[in-house]
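**Student:** Sequence:
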Amino acid sequence: AKEYVGAALGAYFTSGNLNTLDAIACFLLEHAGCAEPLVVEMGIDRIGEMAQLMTLVAPDIGVITAIGEAHLEFFGTLETIAKEKGGILSAARLGLVNAQASHYFPGVPTYGLERATFVPEANSLELNYGGIGLKLPSSSPVVREAAVLGMALAEQLRIPLGIAALCIARVEVPGGRWRVLERGGIRLIDDTYNANPISVQAALEGLSEYSGRKIVVLGDMLELGPHSRTLHHETGKVALGVADKVFSLGEFREELSTNPFQDAQELIQALLEDLKPGDTVLFKASRGVRLEDVLEAVLEGLRGR
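Residue numbers for the sequence shown follow our numbering, so the first one is 925 and each next one is one higher.
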């Protein structure tokens, strides 16, 4: 989301996944005295870490984009995650919460897709927010929410929405985040940057909007703790409800699909034998699975067709 918020606000933002205490401290030192707004993405994986970050950042606006199972291994329950993340709302002058998580934070202003309308195009999306239209470079549901957040914050800061929309429309989609590629009439969606149950469900919603045969390639979602097996099984059921065929790789491959593969090379070969023009294939997993390597091998295999 930070790329879209940064564009909408004309702000500097933390790069990549540099969202730890040390990385944020370096970012703030680098931009000390800067007149432009700063967008700081914060990652937490232990209790008490948000309080430490607040002593460093002292935010004017605090945003919670989601409460989900990511890092459940370290926090135990969603309520604990919400309590820990909620520290940013106490420290900030203004708080904003994704409508999906509003029940954890009663009374806090929310943002969400209800204020926007979308018209899907080939590999992009037309968004209308508050009467202002813009074209997004991706049809990803995650990008939709990020763009809406950017517009909502621009509205809060009294930045003209038309200017914010023009800036958001220029954002380039980062690698591994709904990068849509085509080979031989087959559409491949690279969403391999990371995965948790909420982000997989959002990706599946995006996939459902495409016509033709839909295929999903899933890998493990890491750091889910003792509920990992159950969460993978539930995610696999959701995938089967959307896709015509689901393939899987990793420790929880059996929970994710009826086409599980222990060996990446065998999965690559099976995909190359199965794919045909008109198909749309979604690749989604945590970074540790390196599902992007499978995607690149499939792209290379399709090149020779």
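These are calculated hints, taken from the structure and not from any lab test.
One or more hints might be untrue.
[Unchecked claim] Pairs of lysine-lysine, DSBU-like flavour, derived with a Cα cap of 35 Å: (1) K1200 / K1007; (2) K1200 / K1059; (3) K1161 / K1200; (4) K1007 / K1169; (5) K1200 / K1169; (6) K1059 / K1169.
Because the structure is a prediction, the values reported are computed rather than measured.
**Student:** Hints first: check each against the structure and report whether it holds.
**Tutor:** For each hint, the structure was consulted:
no., hint, in the structure
1, K1200 / K1007, "47 Å, violated"
2, K1200 / K1059, "30 Å, holds"
3, K1161 / K1200, "24 Å, holds"
4, K1007 / K1169, "38 Å, violated"
5, K1200 / K1169, "13 Å, holds"
6, K1059 / K1169, "31 Å, holds"
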